[in-house]
Every structure is written in C-alpha cells, then in structure tokens.
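K.L.:
Sequence order for the protein chains is A and B.
The numbering of the first sequence is this note's numbering, which starts it at 239 and goes up by one.
The numbering of the second sequence is this note's numbering, which starts it at 61 and goes up by one.
The reader is advised that the hints may include incorrect statements.
[What the hints assert, rightly or not] From the structure, some residues in chain B lie toward chain A, with a derived Cβ separation under 7 angstroms:
| no. | residue |
| --- | --- |
| 1 | Ala225 |
| 2 | Leu231 |
| 3 | Asp234 |
| 4 | Arg244 |
| 5 | Pro247 |
| 6 | Asn255 |
| 7 | Glu268 |
[Claimed, not checked] Derived Cβ-Cβ restraints for the label pairs, each shown as a range:
| no. | chain 1 | residue 1 | chain 2 | residue 2 | range |
| --- | --- | --- | --- | --- | --- |
| 8 | B | Pro114 | A | Val303 | 48 to 58 angstroms |
| 9 | B | Ala271 | A | Val475 | 32 to 42 angstroms |
| 10 | B | Pro198 | A | Thr332 | 42 to 52 angstroms |
| 11 | B | Arg278 | A | Glu461 | 57 to 67 angstroms |
| 12 | B | Ala260 | A | Ser470 | 56 to 66 angstroms |
| 13 | B | Leu118 | A | Met374 | 48 to 58 angstroms |
| 14 | B | Glu232 | A | Asp450 | 28 to 38 angstroms |
| 15 | A | Arg452 | B | Pro213 | 35 to 45 angstroms |
[Unchecked claim] With a cut-off of at most 27 angstroms between alpha-carbon atoms, the simulated DSS-like pairs for lysine-lysine come out as follows:
| no. | chain 1 | residue 1 | chain 2 | residue 2 |
| --- | --- | --- | --- | --- |
| 16 | A | Lys352 | B | Lys235 |
| 17 | A | Lys292 | A | Lys410 |
| 18 | B | Lys235 | A | Lys394 |
| 19 | A | Lys292 | B | Lys130 |
Keep in mind the hints are simulated off the structure, nothing from the lab.
Predicted model, so just to flag it, every value in this text is computed and none were measured.
Positions of the beta carbon are idealized from the N, C-alpha and C atoms, including for glycine.
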Amino acid sequence: MPIEVQYVWYTYPSGIEALKGISLTVEDRDFLVIMGPNGAGKTTLLKTLNGLIKPTKGRVLVDGVDTRHATVAELSRKVGLVFQNPDHQLFCSTVEEEIAFALRNFGFNEEEIKERVEWALETLGLEEYRDVSPLMLSGGEKKRVALASVLVWDPKYLVLDEPTLGQDYAQKEKLREIICGLLGQRAVIIVTHDIEFVVDFRPRPRVALMADGRIIAEGKAEEVLTDPELLSRASLVRPQVPEVLFNLREKGLPVRTDVLDLVEARDAIISLARGLA
Amino acid sequence: MSSLLEGLAFQKRDSLLHKLDPRVKLFYALAVMVMAGVHNKMLPLLVMLLAQAPLAALGKIVRLWARTLKASLPLVLLIIGTNLFFTWLRGSLTDLYIVEDILALAVRFLVFVASFSIFTLTTSPDDLSLALEQMGVPYSFCFMFRAALRFTPVMVREARTTMDAQRARGLELDKGGPIARARRYIPILIPLIVNAITRAWSMAEAMESRAWGASRKRTSLYVLRLRGRDYLAFSAVLFSLIMAFYAKFYLKFPYIIPIIRSALGI
Ligand SMILES: Nc1ncnc2c1ncn2[C@@H]1O[C@H](COP(=O)(O)OP(=O)(O)OP(=O)(O)O)[C@@H](O)[C@H]1O
Ligand SMILES: [Mg+2]
C-alpha cells in the first residue's frame, strides 16, 4: 500500500501558507526526488508524511491510515524521516547509543537492538566510530549517524531532507552507494538542491518539482530536469551534460536533448556524428 | 508560553510610540509598575489597565498586545486560584469583597504585563541597549542583554525543530508519569544547550575577528537625543505617577461590587 497525499493545504500558525493543494503518491519501493527553491515547502511536505504536521485541508494516508488518526510514533515506524541538520538531534554519549535511541523508543528487545545497530553501523560504514561521541564527529559523519539512527528500524518509507548538504564529493558518492543499496527493498524519498547528485543515480528517480507550495511538475528525471522553463521556475540550473547538448542544438545541430549523463550523451553525440557523416 | 514570549518580541511599525526615546518608554514601564505596585484596590487597577489600551492603539500593536494579555491568562488564573485557595484555607474567605481584592491582584499582574508588553513591542532591543549604554551601563552588559533578546526566537525555533526530529525517532513526549516525562526532555535539552554553546563560541570568535573590545571608547552611529515629544511624554508619565501617589494617600476607592449590583438592580 502507498502513501497518498491528497490535496493537502497547510498554513503555519504564523499565517504563512506553506502548502497549497499538494497531491502526490509514493508507491512501495518507489524512488522519488523532490526539488525546488528555498521556502517552496519541501520540508513542510515531508513533515506531513509522518504526522508531525497535520494538514489544514486535505489528507495524507499512510498505507490507508489517515495521519490525523495516528500518533507520530506510530507513523514513524513506517515513515522514517531524517532531518536536514544533525545538530538538532544528536545527543547521546556514543554513536552506538544514538543509533539505538529510536529502537528503545519503539520497544525493541535488547537482542534485536544489538543486531540492528550492528547492521546500521555496517551499512553506513560507521563501525570505527561506535564508541565515539556523535557530537565530536565531522559534519558529514554526523549526517551519516543521523541517517543510521533512522535507517536502523528499517522503515518502509525512508525520507531524507537534504542529505548531501555540506558533504564533499567522496561523501556524496558514498551516500549514493548507500541509497542505491537500499532501493528495491523500501521506498526512498529525497529532498535536495543538488541536481548533479540526482542525475547520476541508477535507477533514475521520479522527480517532483515544487515552487511556492505547489507541485509544478512530476515525471521522469530525464523529462523534468531537461525542461528549461520548469527548471527556471524551480530555481534550478540545467545539469552540465544536457547543457552541452542544448548548446549544440542551439548551434543548429539535430541532437537529442533528453539526456542526463555522460554515457547517454556519448551515444547521442555518436549518433549525431553518424547522421552528419 | 511561546505566544507569551512572542508577544514580548519587538514589532517594527511606523508609530509615534516607536519613535519615542527608549529611555522615556523604559521610564513609562517602570512607572506603571510602581503605580500598580502601590495600589491594591480593583477600581484604580482597572483604570490603569484600561488606560493602556489607547496607548497600544497609538503604537499600532493592539492585536499583539491583546494576544499577550490573553497568553498570560493561565498565569492569571493560577494567581486567582492559589489566592482563593489559601484565603479559604485560612477561613477568611467570608464575603465577595475579599474575592474582589483577590481579583484585583490578578488585574495588577495584567497591568504589569500590559505595560511591559507595550514597552517591548515598540522598543527594538538595539534601541534599548543603546538607551542603557547612554545611561552609563557598561557596554558588554548591554551587548549581552541584546544578544539574549535577539537569540530567544532562534532558540524557540530550534527547540521546535529538535522536538520534531526526536518525535520522528519515536520519542513520545506526553506519555507516562511526571518523572518519566521530565526525563524525555533530555534528548531535547542536550542538543539545544550544545548548539547554544557552540553558537556562543563561534559568535565570540567572529566578534573578536571584528575587533570587539579593541578600543576603550566606543563611538555610536546613533546618538539618542531627547526631543519635544519625549519631554512631553515624560511629563505625562511623571504627572500620572504623582497622581497615582496622591490618589493612594488622599482618596478612598469604593469597591466595584456594589456599583455593579446597583447598576444591575440586584
Ligand atoms: N516553523 C515554522 N513556522 C512558521 N513558518 C514556517 C516554519 N517552517 C517553515 N515556515 C515557512 O514555510 C515556508 C516553507 O518552508 P519549508 O521549510 O517547508 O521550505 P523548504 O522548501 O524546505 O525550503 P529550504 O529549501 O530552504 O529548506 C517558508 O516560507 C517558511 O518560512
Ligand atoms: Mg527545507
């Protein structure tokens, strides 16, 4: 069963209308990326998925359960939300304890806690830090601990708010590997501004573009992320690979432009060259 | 609670009250406190409370001001409740006049909140610290004060985010008895404190790299100077203060219960 966001509106108590009629479905084992400018309402939307925010209008169904009729703890068991800034949540004296925190809240038994923490440490390559204070880690490592502390209960829907923020290239690649390893068994939803991070994913995610509290486009990455009009409405810059192809086309060359990565670009250019020859 | 804090935060508006010298407004807030402090009867306290509504209107902050008063209602009820209870315990809860006196205490508290909120809503922390500075208070103290005020909303926001993040990890804040509940706040307090300290350190570094405290004599971009309207406002407050003392010593205020009764004909 899926998550269904049905025509959701949300107004903050301060009067800001952050969501204006959002509809979205996340299937089992789905891979969805949400992009859009600052203040578009992405984080707010994520918070509606585990009930931290209840819609002012419309509703969110998680596997058929209206989020209004369930507690955040119950919903979180299925929808694991990793917040943007790990500094807002890390508090235990060791990484191991930090990762076990949620399991204790959910009432897992000690044996299972041990097993799962081990699995999470391993999956995220954090074994060497198990006895270190999470507060002493670097920014990138903290983000991985925060991810581990949610992944550990193996939620059916894993939701990540800006996972690449402040990460260097190597860390990002590692993160991509981790996420790819998770795909296929559970649904992954990522909010990010990092378009190059998105285009290098295999399999390609579905992409939803948000602006001003609305979803302005949703579809395959290669369609949405190469559309210049949509991208500018979402304050995004076209990825470099399609940018080159667009330039070629502007010069009058009949080349495909619905292409996102290097391999596809190479093929497009080869077939262009063949056509010209 | 948080709306009470918000109700005390400065609101930028274009009004006469906003333009008044912060020292005059500080004097106003303190004077009202003294006035309400010396009176303990319902009638004068009620007058003091109502007399501030036009001032809030003058400062274009009526809605926020009313919200602050509303947010302080739980405390008001607490004051009334405990006083009623202890008076009753002593066996002196004998007639309605005593109840009126107890209600007057609550109104006195509202007068405090009202004047203080008019002051803070119309005076930016920067102006206030400038005023203190030019009244001879040491600069580092003024700075501390200003920073504390400015970071309160940031801390409130951070506390909310942290609460959300921990609830997303299955923390249930309102489950179990009082001790279990208090313990559940640890995951929220630790990140909050750690972040506050980290921020203080990086702020100190940033300030030192901008030569904070390098010269003994700081100059100010803005210098406060009292104008005609400030003297006028100051005189008005002073006059009210004198009148309040005069009234306290030479006038006898009737209870309002008989007045209400006769007005209603019961
Ligand atoms: N706790 C809050 N109280 C009031 N308004 C808020 C709160 N959180 C967010 N907002 C407002 O709601 C709107 C949407 O915010 P949101 O954080 O969802 O945007 P976002 O798309 O996640 O942006 P970013 O890319 O900067 O993270 C913004 O205008 C923001 O100012
Ligand atoms: Mg966000």
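K.L.:
Which of the numbered hints are not met once you compare them with the structure shown?
P.N.:
3, 4, 7, 12, 15 and 17
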